[in-house]
Each structure stands twice: as C-alpha cells, then as structure tokens.
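> What follows is each chain in one-letter form.
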Amino acid sequence: MSAREALGAFVLAFALVLAGTVGAAVLVGGPGPADPAAAPETPAYGTDSLLPDPVPEDGAVTAPEAEGDGKTVVVDIAHGNADTVAIQPFVNALVRAGHKVEMYRGEERVGSAADTLNETLRGADAFVVPSPGERHTEAAANGVAAFADAGGRVLLLGEPADTSELAAGRPTMLANAFGVHFDDGYLYDMDENANHFQGVYGNGADGSAIGAGVERAVFRGAVPLVSDGGTPAVRAASVNLSSTRDGGDYDVVVRSGNATVVGDADFLTAGQATAGGNDVLASNLAAFLVGGEKEAGAPASERSRAAA
Amino acid sequence: MIGTRARVGTLVVVLGLAGMVAGAAVAPQVWDAFSESEGNVAVVEVEGPITGESATNVVGDLRDARRNDSVRAVVLDVDSPGGTAAASEQLYLAVKRTSQTMPVVASVTGAAASGAYYTVAPADRIYVTPASTVGSIGVRAVLPSDGTPTNEIVTGPDKGTTATEAEVRQRIETLRRAFVGSVVTERENLSVTAEALSYAKLYSGARGVDIGLADRVAGIDTAIADAADAAGMDAYDVVRYRPPTENVLARLGASGFSVAGTDVTVEADNGLFVDDGVGTVRYLMLHGTIDTAADAEGVSLNVSA
Numbered sequence: 001m002s003a004r005e006a007l008g009a010f011v012l013a014f015a016l017v018l019a020g021t022v023g024a025a026v027l028v029g030g031p032g033p034a035d036p037a038a039a040p041e042t043p044a045y046g047t048d049s050l051l052p053d054p055v056p057e058d059g060a061v062t063a064p065e066a067e068g069d070g071k072t073v074v075v076d077i078a079h080g081n082a083d084t085v086a087i088q089p090f091v092n093a094l095v096r097a098g099h100k101v102e103m104y105r106g107e108e109r110v111g112s113a114a115d116t117l118n119e120t121l122r123g124a125d126a127f128v129v130p131s132p133g134e135r136h137t138e139a140a141a142n143g144v145a146a147f148a149d150a151g152g153r154v155l156l157l158g159e160p161a162d163t164s165e166l167a168a169g170r171p172t173m174l175a176n177a178f179g180v181h182f183d184d185g186y187l188y189d190m191d192e193n194a195n196h197f198q199g200v201y202g203n204g205a206d207g208s209a210i211g212a213g214v215e216r217a218v219f220r221g222a223v224p225l226v227s228d229g230g231t232p233a234v235r236a237a238s239v240n241l242s243s244t245r246d247g248g249d250y251d252v253v254v255r256s257g258n259a260t261v262v263g264d265a266d267f268l269t270a271g272q273a274t275a276g277g278n279d280v281l282a283s284n285l286a287a288f289l290v291g292g293e294k295e296a297g298a299p300a301s302e303r304s305r306a307a308a
Numbered sequence: 309m310i311g312t313r314a315r316v317g318t319l320v321v322v323l324g325l326a327g328m329v330a331g332a333a334v335a336p337q338v339w340d341a342f343s344e345s346e347g348n349v350a351v352v353e354v355e356g357p358i359t360g361e362s363a364t365n366v367v368g369d370l371r372d373a374r375r376n377d378s379v380r381a382v383v384l385d386v387d388s389p390g391g392t393a394a395a396s397e398q399l400y401l402a403v404k405r406t407s408q409t410m411p412v413v414a415s416v417t418g419a420a421a422s423g424a425y426y427t428v429a430p431a432d433r434i435y436v437t438p439a440s441t442v443g444s445i446g447v448r449a450v451l452p453s454d455g456t457p458t459n460e461i462v463t464g465p466d467k468g469t470t471a472t473e474a475e476v477r478q479r480i481e482t483l484r485r486a487f488v489g490s491v492v493t494e495r496e497n498l499s500v501t502a503e504a505l506s507y508a509k510l511y512s513g514a515r516g517v518d519i520g521l522a523d524r525v526a527g528i529d530t531a532i533a534d535a536a537d538a539a540g541m542d543a544y545d546v547v548r549y550r551p552p553t554e555n556v557l558a559r560l561g562a563s564g565f566s567v568a569g570t571d572v573t574v575e576a577d578n579g580l581f582v583d584d585g586v587g588t589v590r591y592l593m594l595h596g597t598i599d600t601a602a603d604a605e606g607v608s609l610n611v612s613a
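Protein chains in written order, with the working numbering: chain A, 1 to 308; chain B, 309 to 613.
Take these hints with a grain of salt, some might be off.
[What the hints assert, rightly or not] The list that follows gives simulated cross-link-like pairs (lysine to aspartate or glutamate, EDC-like), each with its CA atoms no further than 20 Å apart:
(1) A/K100 - A/E293
(2) B/K509 - A/D189
(3) A/K100 - A/E67
(4) B/K509 - B/E494
(5) B/K509 - B/D387
(6) B/K509 - B/D529
(7) B/K509 - A/D246
(8) B/K509 - A/D191
(9) A/K100 - A/E295
Keep in mind the hints are simulated off the structure, nothing from the lab. All values reported here derive from a predicted model rather than from experimental measurement.
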C-alpha cells in the first residue's frame with residue numbers, strides 16, 4: 001500500500017467516524033428531555049387569602065379636661081416597672097388635658113419605704129402601677145387600699161407570667177387587696193385574633209362605664225382576672241387559656257371599688273394605644289382615674305395609723 | 309493501482325468501521341430495551357437542617373429524576389427538623405412538581421418536622437414508624453438581639469432597623485397561612501382542622517397516621533416497593549441520590565452543623581439560624597429550642613422530641 005492509500009484510509013476512517021457521530025447526535029443525542037412536569041398549582045398561595053389585614057389603627061387617647069388645677073396622677077416606677085412598659089400615650093393624654101402626672105421613684109428616706117409611698121399618695125388623686133417586676137410589700141398594699149378607701153383611684157396593670165413567681169409582671173399584692181386575682185397562663189384564640197394567636201379581642205361588658213364603647217380592644221399577651229365582688233369591664237369572649245386549654249369568656253378588665261385591674265399592660269404603649277378599640281378603653285381609664293374625689297390627708301402615715 | 313483484492317479489502321475495512329460506529333451509537337438503547345430492569349426508583353435524601361444550599365441540592369436531584377427517563381418513581385428519605393422558611397417552600401414546590409409526573413413516596417426515618425413536613429406533604433404516600441415524628445406546622449421569627457448600630461447614616465427610617473413588631477407578626481401570619489393552607493390542600497384525609505394544625509404540635513408517627521398527616525406505618529424498604537408498584541414496575545433498580553457534601557465534613561462542622569446522637573447543633577456562626585452580625589429577622593420552619601441569647605453557642609435541636 002502506498003503512503004497515499006494509507007493516508008486515504010485514515011481520512012476515510014476519520015470521516016466515517018465523524019459522520020457516525022453526527023448521525024448519532026442528531027438521531028439520539030441533543031438536549032435532555034424538557035421537564036415533563038408543569039408548574040404545580042398552589043391554591044394556598046393565592047394572595048387574597050394569604051396576606052392578613054393589618055389591625056386598624058385610628059383614633060386617639062383623650063382625657064377629660066381638667067377643672068381648676070386638675071388631678072394629680074402618680075405612676076409607680078419604683079418596682080421594676082420602668083423597663084417593662086412605657087405608657088406614654090396615656091400619660092400624654094392626661095397632661096394635655098391639664099392634669100399633673102408624677103413618677104414615683106421610691107427614694108429611700110428616713111422611715112420605711114411604705115411611708116414614702118403614703119406621703120406621695122397623700123398628695124395624689126390617682127395611682128397607676130404598670131406591670132411591676134418586684135413585689136409590693138404588705139404595708140404598701142395597705143397604704144394603697146387606704147388611699148382607695150379615701151376616694152383615690154387606682155389602676156393596676158398586669159401581664160401574663162411564665163413562672164409562678166409572685167410579681168414577675170403583675171401587681172399581685174395590690175390586686176389581692178381589692179379582691180382581684182391574676183389567673184395562670186395567657187389568653188389565646190386560634191380562630192379570630194389580631195394576626196397572632198396571643199392577640200385576643202375584648203369587648204366592653206354591659207353596664208360598665210369603663211367598658212362603654214369598647215369594641216375589639218386588642219390585648220397582646222393578656223392574663224385573665226378572677227375577682228370576688230368586682231365588676232367586669234372588658235371581656236374576651238370565646239378564647240382559650242394557655243394553662244388549661246379551656247375555652248370560654250374571660251375577664252380582662254375588672255373594676256373593684258375605686259380600683260381597676262387590667263390583665264395587659266402593652267395596650268397603653270405607643271405601638272398599640274390606637275389599635276382597634278384600645279383608644280376608647282384608654283380614654284375611659286383616663287376618665288376613671290381623674291373622676292374621683294379623694295379626701296385630703298389620706299392615707300395617713302404608718303405611725304399615725306398605728307398610734308390611732 | 310489498487311487491485312480487485314485490495315479494493316475488496318478496503319471495502320471490508322470501511323464497512324467494518326461503519327458497522328462499529330453505527331453499532332456503538334445504538335447499543336445503549338438496545339441495552340435498555342432488552343435488559344430486565346423496567347426502570348429505577350430514585351431515593352432522594354432530605355437530611356439535616358434545611359438551608360438554601362441543601363434545598364438547592366434536593367431540588368436539583370428531583371429535577372434530574374424527572375428528566376431521566378429511566379427513573380420512574382421517587383422515594384424521599386427524610387430525617388430533618390426543618391430549616392429556613394424560604395428553602396422549605398422551594399422543596400415543597402419541587403416535590404409537588406415531581407409528584408405530577410411520577411409516584412412520590414416519603415419515608416420518615418427520623419423526623420419530618422416543620423419545613424421537612426412541608427417537603428413531604430405533597431407526596432402520594434407518607435410512611436412513618438412509631439418513633440418517627442411529623443408535624444410542627446408553624447413558623448418562627450428569630451429577631452436579632454443587637455440593637456441598631458449607631459455608627460451609620462441611612463436614607464430612610466426602615467433601612468437600618470429590623471422590621472417593626474407588627475410587620476413581623478403579619479409576615480409570620482402570612483407564612484403560617486401558606487403553610488397550613490398547603491398542608492390542608494395536600495393531605496386529603498385530615499381528621500383535624502386547620503385551626504388544630506396551627507397549634508404546631510409535633511406528633512408521633514402513629515398519631516400522625518391517626519389524624520391523617522401520615523399514611524402507613526412501615527420502613528423505607530416498604531416505601532420503595534410501594535413506589536415501584538405505583539409506577540407499575542416489577543423489576544427495578546434503586547438509585548440513591550446523596551447530598552454532595554460528605555458526612556465527614558458535616559461531623560467536623562464545616563457545613564455549619566454537627567450531629568451527635570439525636571441532637572443537632574447548628575454552629576453559632578452559621579448565619580442561617582442565628583445572628584451573624586448582619587441583624588435581620590430570620591423566618592424559620594424549624595422544630596427545636598433556639599437559644600437566642602447574645603452569647604448563645606448556637607441552635608440546639610433535639611430531633612427526637
């Protein structure tokens with residue numbers, strides 16, 4: 001075989017293999033099959049049902065206009081409450097209406113701490129305790145009870161607690177002095193809620209001035225109240241209690257004499273004071289606080305009461 | 309000049325070559341047609357916490373299975389506590405897409421919790437054992453613990469901060485609706501309401517079958533046989549699609565999580581589950597206790613809960 005013939009054989013074999021490859025590629029090669037599946041249907045992702053409606057935020061917290069010098073409202077920040085809740089919209093409403101709002105810092109002075117509180121309360125018309133982190137003493141509770149007996153108005157705000165520790169977010173000693181107790185656990189509603197299972201709605205109870213006009217107040221993290229002789233002001237209907245999982249109607253705001261206890265402190269904060277019916281409830285509570293007539297000079301100091 | 313015998317010889321060589329090339333081209337098809345196997349069952353593993361990367365791997369495996377003509381059924385081998393919400397949704401959609409063209413059977417070999425349950429929900433049948441767990445149908449938002457840094461200037465009030473509490477609430481409510489709604493759509497024989505599912509309980513395998521979150525109590529081999537049977541195959545091969553990262557690396561913590569017994573610990577510097585210095589809200593479909601303290605070592609998940 002000559003060199004030319006050998007070269008020819010090489011070229012022929014090369015061309016043959018190439019042709020075969022081209023043929024094979026055209027016939028059985030090419031890109032893999034397209035994805036045989038179509039896009040899946042996902043009815044649960046339809047945006048109509050997916051996006052929750054935000055809780056309406058409108059209205060404003062107001063307080064009744066002051067007559068004369070107005071009332072003096074003392075807010076307790078001496079028991080670990082300063083960190084827990086900032087009730088600025090509530091305080092602002094009172095100040096704008098001409099009332100005085102003082103912070104009770106519990107400075108230690110000669111005499112017992114309860115004496116200091118009594119002295120402060122003597123010059124006050126109303127006392128607000130937002131979600132304390134520390135206990136109040138029994139003496140303090142007695143002083144507040146005497147204050148209420150003399151016509152002073154008391155507002156106690158509590159929060160649900162994880163532990164069974166006394167205080168831990170609720171003014172248990174003070175509430176007990178008025179026959180009101182905080183239940184265990186928090187309220188939740190899986191069905192009708194303010195975009196979260198712990199955001200329950202409360203409505204004003206019939207015949208209650210504090211609950212008048214309160215519709216769909218939003219309580220995020222509420223502890224129900226049990227009272228002996230108190231008047232329910234706001235109720236959460238058809239909700240469940242986390243500790244027992246029992247469903248039913250639970251009281252969230254209860255009035256007992258000159259004291260009102262609320263099972264939630266957050267509803268007065270800037271982020272929530274105008275959500276739903278909270279502004280109506282807050283305004284009613286402001287009116288409650290400045291609506292009393294307190295005797296001058298009460299509560300008397302510990303020493304004078306003990307001597308009496 | 310080439311003589312007749314030489315010409316015949318050349319012709320023989322040329323035709324021989326042509327024959328070999330043509331034969332080589334069609335040999336694979338002939339092999340497939342005449343081999344006894346009717347197809348493959350692809351076993352796709354979904355193991356460990358679901359991250360964007362692990363989800364991409366599984367989605368890729370499912371895509372390969374769909375495009376491969378010889379794969380006629382898919383079995384999901386699941387042992388995962390869930391993971392990020394977005395990655396879990398991707399897996400859900402990929403499994404749903406796959407179930408449209410071939411039988412998909414899930415076998416829960418450990419836990420199919422939260423995001424992992426989202427993944428198996430569209431399967432045609434879910435196999436469990438009494439000790440395996442399903443459920444935890446809920447969402448959690450992990451908020452960064454650090455405040456806004458003070459050494460920066462931003463162009464708008466929402467740029468440097470995390471979302472407001474109301475926004476986070478609405479977002480997880482949206483994710484919850486999508487999750488619960490999808491499970492209710494996929495599982496036709498549920499005996500509990502959407503409201504009950506929203507409690508986000510984690511159920512044992514047996515209880516899961518009782519309420520309709522799972523179908524049968526059996527092991528993975530039964531699941532594979534069931535998948536092959538649903539695809540009409542008597543004789544089949546089993547092909548296992550493993551995640552590309554080796555378990556050795558996972559044990560060394562190189563992939564961000566380590567497994568010791570039934571506890572899975574996600575390293576603190578794994579930015580997927582806890583804050584890595586860029587504080588954003590993380591939306592997770594994950595079952596386990598998350599340590600959100602600033603000095604936490606990381607996320608510790610007890611998968612055997």
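> All hints are to be evaluated individually against the structure, with a verdict given for each.
The hints, checked one at a time:
no. : hint            : verdict
1   : A/K100 - A/E293 : 15 Å, holds
2   : B/K509 - A/D189 : 16 Å, holds
3   : A/K100 - A/E67  : 12 Å, holds
4   : B/K509 - B/E494 : 18 Å, holds
5   : B/K509 - B/D387 : 17 Å, holds
6   : B/K509 - B/D529 : 28 Å, violated
7   : B/K509 - A/D246 : 17 Å, holds
8   : B/K509 - A/D191 : 16 Å, holds
9   : A/K100 - A/E295 : 18 Å, holds
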